[in-house]
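Q: Each chain, written out:
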Amino acid sequence: MKRKGLVALVGAAALSLVASLVTTTSASAAVNCDPYTGYKAMKGKTVTIFTSILEPELTTLNTAMSDFQACTGIKIKIEGSNQFEALLPVRVKGGNAPDLAWIPQPGLLAKMVETGKVVLAPKAVVANVDKYWSKSWKAYGTVKGKFYAAPFGSNMKSLVWYSPKQFAKNGYKVPTTWADMTALADTMAGKGQTAFCGGIGSGGATGWPATDWVEQMVLREYGSDVYNGWVNHTVKFSDPKIVAAMQKVAGWMQNPKWVGNVKGIATTSFQDAGKGIPDGKCMMLQQASFYGNIIAEGGATISPTGDAFAFYLPATNSKVTVPVVGGGEFTTAFSSRPEVQAVQAYLSSATFATSRVQLDNWISANSGVPLAAYKNPVDKLSATYLSNPKSTFGFDASDLMPAAVGAGAEWKEFTAWFGEGKSIADVVKAIDAAWPKS
Amino acid sequence: MSDFLSVNIPKFTSVFSAIGMFFIVLAVLFAIAGRANGKKARPIALVIFLAPALILLLAGLIIPAIRTFLFSFMNPDSNAWVGFDNYKWMTEDPNVKSIMVNTILWILVVPIFTAALGLLLAIMLDRIKHESIPKSLLFMPMAISFVGASIIFKFVYEYSEPGEAQIGLLSSIVDFLGGTPKDWMLSKPLNTFLLMIIYVWTQMGFGMVILSAAIKAVPADIVEASALDGASGWRLFRNITFPMIKGTFIVVLATGVVGALKVFDIVRTMTGGNFSTNVLANEMYSQVFVQFDQGKGSALAIVLFLLVTPILIYNIRSLRMERSHS
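Protein chains in written order, with the numbering used here: chain W, 1 to 438; chain Z, 1 to 326.
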């Protein structure tokens, strides 16, 4: 009797587990299928996607894709994991690859291509990417000359946060050139204001905001070729170009006239750094597009006339057009079944990107998305630069470098550069020494 | 409420069914062991009772230890042998040198202060009125995790620029006494010692409680006899009390050494290992889980293991000696 009860319990547990795995899809009554006439109806087919994106973002993605699923009959099952980077290689090597994966690092994409399991992008995807994305974006989805993965979502790092209210109060104008920005900083310093906020503290990842600053400067001064060479270590950190870019960062974020206590930047957390923006304790902060959420935590309104907003970090060299540092995911296929290729084509289309950006908090570098579709003003601003066909896009370099440098020596040494006044010469020497030999 | 139930009922059912399965397995094993008789009874019982512990020990300790040892001679992805390269890196890298120096400082300073302060408090609080109140208060930090304690001390060590109000406790005390506060976490080598204070603060309560129990266990007749012989104060403590609680004192010291070797959360939370405050355990974590270098991380783990071993051996030995004395 007792055992029977237990068996029943186990059975019930198994059932409820199955029940929780089944996602319910609700077809809304009036679906407009016009945008999807190009896709064949493939009822009953399922496409699986594996990603590092988690809830609640997954639900939003599903909402954005619901019309496509209703009209074509293809069911898209997304599985998110915070262990994505570790699990994907295991699954692919174990013959258990998902149909699609959103890979956030070009380095991991290259590793996956090495396994021979990644499928080349189908024609429709190639056409979409050629039409909607800039060349540098396409290059990050390309491995050894072959194009595999279309860009998916993006984030934008070349922004400067400021307070429109404080700027209005002081009669400041948003600078559009580097010279304007430095002149403005001098004006602020003259008035006794702190022109730039700074903070690179981030627990075990302390130093990453400083790597962003150097990335901004390398891309701005020298463009894609030097930037990509720097990522591959064909241009070393000790190269005069990189050293010069670091000196320019030192003249900006280590300028005591503009930032006040330079060393304090190393012990200030990046979250705290911008807290003073709404009330003018410090006036400008170079940070990524997501930073609005952090400032908004303090109750500040984020809008072009509110307590805080962002402007584009100006270019420094006229030869490098619209330099933008950022990141993003790439839709990688491990199967060439027609329904998988249909989903791939759909995800690289402007239709998908538009329906996604309408739901807030998402940026696409797809130039086919009308800017008016963006709900969030910061996302809209970011997209203006990301989807500009003239933009020189640099993928976050520290994410592309080997982890021993990009998540190790570079963080540590840049922190010592800010916090302990370590010389640029010593910093670059130590980072070059940490670069893996093979 | 219904939401809570619908989310949690599957969780609870799987937990309870797992526990149920465990008991079923046990019942089956016991049934087998109970049926066996004659010559085979003893070996079968031995296997049944030892096997689970042995399997867990093997899977949870011995195999990982061997793998770590092997990984320490391999490349970051653990798919090619590199000989002693990872150990060579440890002797050459200037960062590792500072890590070793800091780790040794932690081993030397932290246990001595934790045990000495614990002993001092135990003696001072012994037999005073309402002894349990100050003791509970002093023991309380023990209940805070190192990360929590570090966050508290982040506020203590907070530094504001001159001219602004010093909101950090340490800075405002220094300010009040007429000194000039500085950015404490950047001032080396002081910063390492400031981090040690966090550890001592949370752990000295533990030393106090253990040592206080040992002091109370010193037989009253011995204390009385020595008092009759004229021993009091310092002499009583030196010649009677301390020798009798020495074993306990060593246990507190050894716990402190092992704890100081493992310290990771404090350094990670306070400085992230920057500004020359890094220690072995934190670097090991960074190498394996941030920089994905299993080779270097494993080599650091082996060094950590080698450093802990003699202390554990000494600890076990002194415990055994004590047992054979009594």
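Bear in mind the hints are in silico, worked out from the structure with no lab data behind them. Take the hints with a grain of salt, since some may be wrong.
Cβ-to-Cβ under 8 Å is the rule here; a few derived chain W residues that face chain Z [claimed, not checked]:
no., residue
1, G203
2, P256
3, G260
4, A266
5, T267
6, Q271
7, A403
8, G408
9, K412
10, G419
Think about it this way: if two alpha-carbon atoms lie no more than 25 Å apart in a straight line, the pair counts; the simulated BS3-like pairs of lysine-lysine are [said to hold, decoys possible]:
no., chain 1, residue 1, chain 2, residue 2
11, W, K236, W, K422
12, W, K429, Z, K216
13, W, K275, Z, K182
14, W, K263, Z, K88
15, W, K281, Z, K182
16, W, K236, Z, K88
A virtual CB, placed ideally from N, CA and C, is assigned to each residue, including glycine.
Q: Mind checking the CB of Q271/W against every CB in chain Z and telling me if the closest is under 8 Å?
A: violated, 13 Å
Q: Does the CB of G419/W sit less than 8 Å away from some CB of chain Z?
A: holds, 5 Å
Q: Given the hinted pair K263/W and K88/Z, is their Cα-Cα distance within 25 Å?
A: violated, 33 Å
Q: So, as I understand it, the hint says G408/W touches chain Z; can you test that by seeing if any CB pair is closer than 8 Å?
A: holds, 4 Å
Q: Checking hints one by one. Is P256/W an interface residue toward chain Z, by the C-beta closer than 8 Å rule?
A: violated, 11 Å
Q: For the restraint on K412/W, tell me whether the closest CB of chain Z is nearer than 8 Å.
A: holds, 7 Å
Q: Regarding the pair K281/W and K182/Z, is the alpha-carbon distance no greater than 25 Å?
A: Between K281/W and K182/Z the Cα gap is close to 21 Å, so the pair holds against 25 Å.
Q: K236/W and K422/W: Cα distance at most 25 Å?
A: holds, 19 Å
Q: Keeping to a limit of 25 Å between CA atoms, is the pair of K275/W and K182/Z held or broken?
A: Between K275/W and K182/Z the Cα gap is close to 22 Å, so the pair holds against 25 Å.
Q: Are K236/W and K88/Z close enough, with their CA atoms no more than 25 Å apart?
A: Distance ~24 Å between K236/W and K88/Z Cα, so the pair holds.
Q: Holds or violated: the hint that A403/W contacts chain Z, with Cβ atoms closer than 8 Å.
A: At 4 Å from the nearest chain Z Cβ, A403/W passes the 8 Å test, so the hint holds.
Q: Do the numbers back the hint for A266/W, that is, is its least Cβ distance to chain Z under 8 Å?
A: Because about 7 Å separates A266/W from the closest Cβ in chain Z, which is inside the 8 Å limit, the hint holds.
In terms of the numbered hints stated before, the structure departs from hints 2, 6, 12 and 14, listed from lowest to highest.
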